[in-house]
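Participant: Starting from the two chains in their separate frames, assemble the complex, guided by the hints.
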Amino acid sequence: MTPDPSGTDSGSLTKPEEAFASASAPRARRRLGFGFWLSVAWMAVVVVLAVLAPWLPIADPDETGFGGRLDAPGWAAWFGTDTNGRDMFARTIWGARVSLTVGFIAILNGLVIGGFLGLVAGYFRGPVDRIISFGFFALLSFPGLVLALLIIASLGSSLLVVSMTLGILSIAPVGRLARATTLSFAEREFVHASRVLGATHTRIMVRELLPNVLIPMSALALLGMALAIVAEGGLAFLGLSVSDGFSWGKMILLGSAPRTLRDGPWVALVPIGAMFLTVLALNYAGDRLRQYLDVRELAFGGG
Amino acid sequence: MGFLARRLAALLAVLLTVTALAFGSLNVLGDPLFNVVGFVASVDCDAVLAGEIQDVSGQTAGGRGDCEVIEAARREHRLDRSLPVRYGYWLGDIVRGDLGTSFKNEMPVRQVIGEKLPKTLLLMLVAEVFGLAIAVPWAVAAAYRANRAFDRVSTVGSFGLLAIPNFAMGIILFYFFVVRWQVFPSRFEDTDLLARLKSLVLPGLTLGLPLAATYQRVLRTDLITTLQEDFVQMARAKGMTDRWIMFRHVLRPSLFSLVTVFGLTTAGLIGGALVVEQIFSIPGLGRAVVEAVIRDDFPIVLGSVVVIATGFVVINFAVDVLYSFIDPRVRRDA
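Read top to bottom, the protein sequences are chains A and B.
For the first sequence, position 255 matches number 255 in the numbering used here, and the numbering has no gaps at all.
For the second sequence, position 86 matches number 389 in the numbering used here, and the numbering has no gaps at all.
Don't read these hints as lab results, they were simulated from the structure.
It is possible that some hints are incorrect.
As the list claims (entries may be wrong) - Counterexamples of contact, computed for chain A against chain B with all Cβ distances above 12 Å:
id	residue
1	Ala-41
2	Val-48
3	Ile-58
4	Phe-89
5	Ile-105
6	Ser-184
Claimed, not checked - Which bits of chain A does chain B cover? Going by a derived footprint, with three or more residues having C-beta under 8 Å, they are:
id	stretch
7	133-139
8	148-160
9	235-249
10	254-268
11	271-285
What the hints assert, rightly or not - Examples of chain B residues lying across from chain A (beta carbon under 8 Å, computed):
id	residue
12	Leu-315
13	Ala-325
14	Leu-329
15	Leu-332
16	Ala-375
17	Ile-467
18	Ala-471
19	Phe-477
20	Val-578
21	Gln-581
22	Ile-582
23	Val-592
24	Val-596
25	Val-608
Each residue gets a CB set at the ideal place from its N, CA and C atoms; glycine is no exception.
For reference, chain B alone in the conformation it holds in the complex (with noise of 0.2 Å):
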């Protein structure tokens, strides 16, 4: 249970860290009034309203009247508060389910987030699918001629296949399957789940492959080591054939490493699934975030990244204690 404790602080340590630089680096760097009050938000309110100069902007005839609205917006916001107490403040909202509301529509972040959020994770999920169906079978064949031609050129493959970027892949195969032979549809098609699926084959091809390439690279080592193991030798001397062993005795001692690298790729995935959604014209949260970056909308932004962040650092959290209980011996070290 110690070990366990001991993840656990390191979560919400993590977790307290993360939010807090996105909470800081967006209220440091950006203006977060940008879209309630617009560029007037420069304009120095506190000597307007001291009467020691007039304001500026334009706005309205009454002079003083922006530098109301603005201090109004700022005590909405909580503005007129130090950063530390805001943050606070936004983290007492976070943890009641409370992600604030957009700037543009009013609609509730949480509530963005709930729409856009399914279909990035399906889009994750169907690459997950493609990645490991992919990656097994490959994996085996190279593993069990080793150093062979099949193996040797897989290799050469799985290396070509990472340094293609998930936006290449993506362009390349819409073009053929969707521009050249018309085989999918252009557009993301929301009508069932069976039509969501078929629109989410090409994206999550996109992810996939690169993702079978670095399980291929995994799993193929872990393959070679197991079966250098003597209850190999055991099996063959038995008589057992070389697809019974290798499914039944060296798949399954040999997918430790997959476990560990499915929390490191997430990374990737995640930020290659926002990327795709553009090509794709998939409406998930990727797209959400984009179109919130460009219209300035602060809450949807932060959101969104906190949620992803969370989610990842969640994601990490299980891959390390799932992976504590396949191999106890890491629970003692750190």
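Only chain A is shown next, with the shape it has when bound in the complex (with noise of 0.2 Å):
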């Protein structure tokens, strides 16, 4: 942020100059910026976590006894142990292990039906686009989780069908990205130049656009991620969370209680916080390389 040049006059009104430095989003710095990198630190280190979770020197998260019941955190369970006196630091790692899963295949879904959908929607345009537009138009149309459940709710509660499920979800916002970033770039001359060398239609959305769309919508894939998390533990609270295993927002639940949280407020408070500094990690990230890539804001409202 621009220093205030005059460095006088702190009581009044925003002066123009500041305003505008702030009015106009992406500010010129191209720099990602420390809370980027610890944002990315953050992730890697409950990524690598969960990935090497049957490797470490963990309890088992399903064994009841290893503690009491409801101990408080301290030195032998350091983030206490839960009312059948299980580790919570173990699955807590077990449970990253699931809403990661989730969020990973959920968005990956969403990237690849969206993008393509998207893809295909701006290189052709006319009636094509037409269709695919409703559609996606027609999907934001239902609240997410409405829609969720009532896929889940006819299909099971299994760990694919949920992160496919919460995967629909990103479709329209991520297909409405890529649509918008195909029309800017189908028209550019390296695609004329393509066209005019004989590329099939195939070849050059294959080639020379989806480098160009997959840029921007890293960014997205980020934010879709910290959303996919976030609707599984509200699954969760629908009775509908993945039903084979335990994912952090299913913790929750189980934390939540009224007598739990009277007696252990850490069995819900301890995913809780590692739920909010995955997401505040993954939107801040994403938020930050949209800025980074300039990407118009024109996905993911509200949620």
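Facilitator: Right under this line is the structure:
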């Protein structure tokens, strides 16, 4: 932020030049900044712990009686124990496996389907575009959680179904961004050049347009992953969380019973903290990346 | 009028698509007969009725009894017809105000929703009131001295607020205000409006705080933009106080974006209300849906989803139209 040039006049309304500096959203500074790398570092720690969970020297997350019932956090159990005496530290790491998997598969699903549809719509335009765009519009006309509830209620809540369903929620935002980006690139010289050289539609889309579309989508992917992790937690409270294994959302649900909350608030607060930090890191990194890449604000309104 | 007609056509198209999606996915993916006849629906009744195999459901000694029950139920629910035909009938019923009957207690779905929906709506209203009541002063204070200490801290604060999932926020508030300090009742008290509102303070805050953060970000940006306008300079030159300028001249023209965001945040608010109802035991639509999902009460799930989705689509339509009156330029495109 540019410092106040005059350095005086602290009591008045915002001055025009200051206001302008903050009103034009992506600031000129082309640096990702310390916060971005801090977020990445946190993500890296969580991912590594989650991946390596089976080989880490931690307790079995399902071993009841590792400690007493609702032991407070201490040296024996860093994050305390839950109502069944299971180690919360181990459970938080194992919960990360499910939560991250859901988030990852979901956004991957959204990127592949949404990216493909958006690319096709933006490249061919005309009736194809109109049909696909209406599809996106219809998808956005469902409140996200309600659509997920509808599908999971009928298909059951295996890890794959939950992840894929949450992926459907990100198809429309991702697709809209992909379409807009494709539109802005489709008439550029290098695309014309490729066409003149006799490239097929598929080749132009894959070799010329896709790399350009992928760049802004990377920022959206981080935000989408955060949304999917949170949405999975919301589903847990609707009784529709992943049925095989446990996620952070399910752990929070287990800790949220009034009696558990009274006697051992850490059972809920530990996974809440883990989820909060992860979502914060993903949001912040995604936001910084979006400003860095100068992506126009097209997608993920509300949620 | 051309604009309104086009928007109305789009509204109808979306409503048809959304209801078809809801109806289709529950009918194709789920087993709509499950609750009427139980698992036996999976028996191949065509073969049984043709005498090719024995009825293996074994619930009645007569052998073919179950399949006759199934046949009757299928006819009653028109499952012997093709999906588009059923959708047509179902849509006709809905237009006449008949959302079907609950499988479990034979209550009309309309009655169930009519009983639960007002509580959910009241919750959403309380959340919106909290959201706006917090966001407006907050945004004004932040924009008044943009990029100074308070503004920077509040930007970090709003970013943090948005990273707290609504169920986490609910549990944290519940823990402190209900479990630790016992300021608010732990269950929903439905005696009179005052008790209801008191029970809705915490759930309303749970949904209202992130809402306030979203509103604050939008409003702050708009306020800062408006503050650059010449008429603000003019007002200052005339010697008006900052407070007067802010609230009488700047705030009103800065409210436009809020209207758009209002439509966008409704989706999150609806999902949030369903979840928060579970935490604070509010007997609203969210709880009804969850119970219905557990019991596979197909008509209730479908009816609630249709009501929620329709409400959402209509709200966004209203926001679009409202916005076109505030800012007629948007009527030209789309």
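Participant: For each hint, tell me whether it holds in the structure or not.
Facilitator: Hints, one by one, checked against the model:
1. Ala-41: holds (17 Å)
2. Val-48: holds (22 Å)
3. Ile-58: holds (24 Å)
4. Phe-89: About 19 Å separates A/Phe-89 from the closest Cβ of chain B, which puts it past 12 Å; holds.
5. Ile-105: holds (19 Å)
6. Ser-184: holds (17 Å)
7. 133-139: holds (count 3)
8. 148-160: holds (count 6)
9. 235-249: holds (count 6)
10. 254-268: That given contact holds, which follows from 7 residues of the stretch 254-268 of chain A lying within Cβ reach (below 8 Å) of chain B.
11. 271-285: It holds: at least three residues are needed, and the stretch 271-285 of chain A offers 7 whose Cβ sits within less than 8 Å of chain B.
12. Leu-315: violated (12 Å)
13. Ala-325: holds (6 Å)
14. Leu-329: Constraint on B/Leu-329 satisfied, holds at 5 Å.
15. Leu-332: holds (4 Å)
16. Ala-375: violated (24 Å)
17. Ile-467: holds (6 Å)
18. Ala-471: Given a least distance of 4 Å, the restraint on B/Ala-471 holds.
19. Phe-477: holds (7 Å)
20. Val-578: Hint holds; B/Val-578 Cβ to chain A Cβ min 5 Å, cut 8 Å.
21. Gln-581: holds (5 Å)
22. Ile-582: holds (6 Å)
23. Val-592: holds (7 Å)
24. Val-596: At about 5 Å, which falls below the 8 Å cut-off, the nearest Cβ of chain A leaves the hint on B/Val-596 intact, so it holds.
25. Val-608: holds (6 Å)
Hint violations for this structure: numbers 12, 16, all remaining hints satisfied.
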